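J.: Protein chains in written order, with my numbering: chain A, 5 to 233; chain B, 9 to 108.
It is possible that some hints are incorrect.
[As the list claims (entries may be wrong)] What follows is a set of in silico ranges between Cβ atoms, one per label pair, in the way DEER data are often shown:
id, chain 1, residue 1, chain 2, residue 2, range
1, B, Arg-97, A, Arg-207, 58 to 68 Å
2, B, Val-27, A, Ser-148, 47 to 57 Å
3, A, Asn-176, B, Cys-46, 20 to 30 Å
4, B, Ile-76, A, Gly-197, 45 to 55 Å
5, B, Val-42, A, Leu-106, 26 to 36 Å
6, A, Gly-135, B, Leu-41, 43 to 53 Å
7, B, Arg-93, A, Asp-66, 15 to 25 Å
8, A, Gly-91, B, Arg-93, 41 to 51 Å
9, B, Ala-30, A, Arg-124, 15 to 25 Å
10, A, Arg-124, B, Gly-39, 47 to 57 Å
Simulated from the structure, these hints should not be mistaken for lab results.
Quantities reported herein were computed from a predicted structural model and do not represent experimental measurements.
Ideal Cβ placement from N, Cα and C applies to all residues, glycine included.
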Amino acid sequence: MTTPSIVLRSVTKTYRRGERRITALQDVSFEMSQGELALLVGPSGSGKTTLLNLIGALDRPDRGEIIVGGAEITGLSRAAAALYRNGRVGFIFQSYNLLPQLTALENVLLPMLPKRRADRRRAVELLDAVGLSDRGSHRPSELSGGEQQRVAIARALANDPAIILADEPTGNLDNDNACKIAELLASACRQRGKSLILVTHDRDMIRPADRVFAMRDGSLTAIESALAC
Amino acid sequence: MLLALGFSPMQTTMVGISVGVATAGAGALIGALVGVACTPSHFAMPSLMADLGTIEPSFNAIIAAVLIGLTLVSIALGMAPIAWRLHRRSVADALSQEGR
Chain A
5 MTTPSIVLRS VTKTYRRGER RITALQDVSF EMSQGELALL VGPSGSGKTT LLNLIGALDR
65 PDRGEIIVGG AEITGLSRAA AALYRNGRVG FIFQSYNLLP QLTALENVLL PMLPKRRADR
125 RRAVELLDAV GLSDRGSHRP SELSGGEQQR VAIARALAND PAIILADEPT GNLDNDNACK
185 IAELLASACR QRGKSLILVT HDRDMIRPAD RVFAMRDGSL TAIESALAC
Chain B
9 MLLALGFSPM QTTMVGISVG VATAGAGALI GALVGVACTP SHFAMPSLMA DLGTIEPSFN
69 AIIAAVLIGL TLVSIALGMA PIAWRLHRRS VADALSQEGR
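Full structure from sequences and hints, please.
T.: Right, here's the structure in full:
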């Protein structure tokens, strides 16, 4: 049996909204092996993004453990959490979040800057891998939505992270582009042995996904393995 | 967004300050060049208070220091809410604020 790369044990997260406390996650537990591709599905407000934020050390749980690559990440200091995000996690957002002042190539180089090792050749290779070898000098405003998300995928892979966390990466794209981006993301992760957690409303986005985690009201309601579509 | 890419809160704040200083510096430089190019060779403004005679505009180290000081204070005031948010709240909160 392979060692799990992501382990969550009884993770609970609440938010305060004025006088009210809202439970975003309630006792969520699961394990994922390295290289698995998982979909995280559920209605809006079910806790999907909160779960992604916790695994990415963008937030801390109130209770429970999150272990990534054998190391507990819930107690990391802000500086250590930044190092963890930079080295082990690649984020992909619905709205691409590219820096508009930078070119596509510079956006891919950006995550390499905190470690002061901007590898231009690797950035060019990654742009080539996502089919944008001729668009490196273009700014995001000169690229289509699908192309911007391809740049975001290349940027997420820049530091060769073990985990890719994608929060509705096709939410702003038309169906045709959404399928292409999902295929590209899945194949990029499979080829490189990355674990992928992809938040989506569409269970068929990756065929076949290794796992589907279904969420509702902050709880995992189902974990389906080796879904054959 | 830089936070999600692994920049620390300190690095993110420094990037903001650098961009602010660069923008303000570029504005000051362009303003100074326009001033130098457009300044008449001789200019004197009559004072409303007759006993002061005429006032000749001048530019010296004190004025430059005041302008630089005002620029730095503006940048610091502009960055303060961001630095506060990064220091006191979670990165996820800061990111969701950025997206609004």
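J.: All hints are to be evaluated individually against the structure, with a verdict given for each.
T.: We went through each hint and held it up to the structure:
no. : hint                               : in the structure
1   : Arg-97/B <-> Arg-207/A: 58 to 68 Å : 34 Å, violated
2   : Val-27/B <-> Ser-148/A: 47 to 57 Å : 27 Å, violated
3   : Asn-176/A <-> Cys-46/B: 20 to 30 Å : 47 Å, violated
4   : Ile-76/B <-> Gly-197/A: 45 to 55 Å : 53 Å, holds
5   : Val-42/B <-> Leu-106/A: 26 to 36 Å : 29 Å, holds
6   : Gly-135/A <-> Leu-41/B: 43 to 53 Å : 44 Å, holds
7   : Arg-93/B <-> Asp-66/A: 15 to 25 Å  : 20 Å, holds
8   : Gly-91/A <-> Arg-93/B: 41 to 51 Å  : 25 Å, violated
9   : Ala-30/B <-> Arg-124/A: 15 to 25 Å : 23 Å, holds
10  : Arg-124/A <-> Gly-39/B: 47 to 57 Å : 36 Å, violated
Checked against the numbered hints given earlier, the structure breaks hints 1, 2, 3, 8, 10 and satisfies all the rest.
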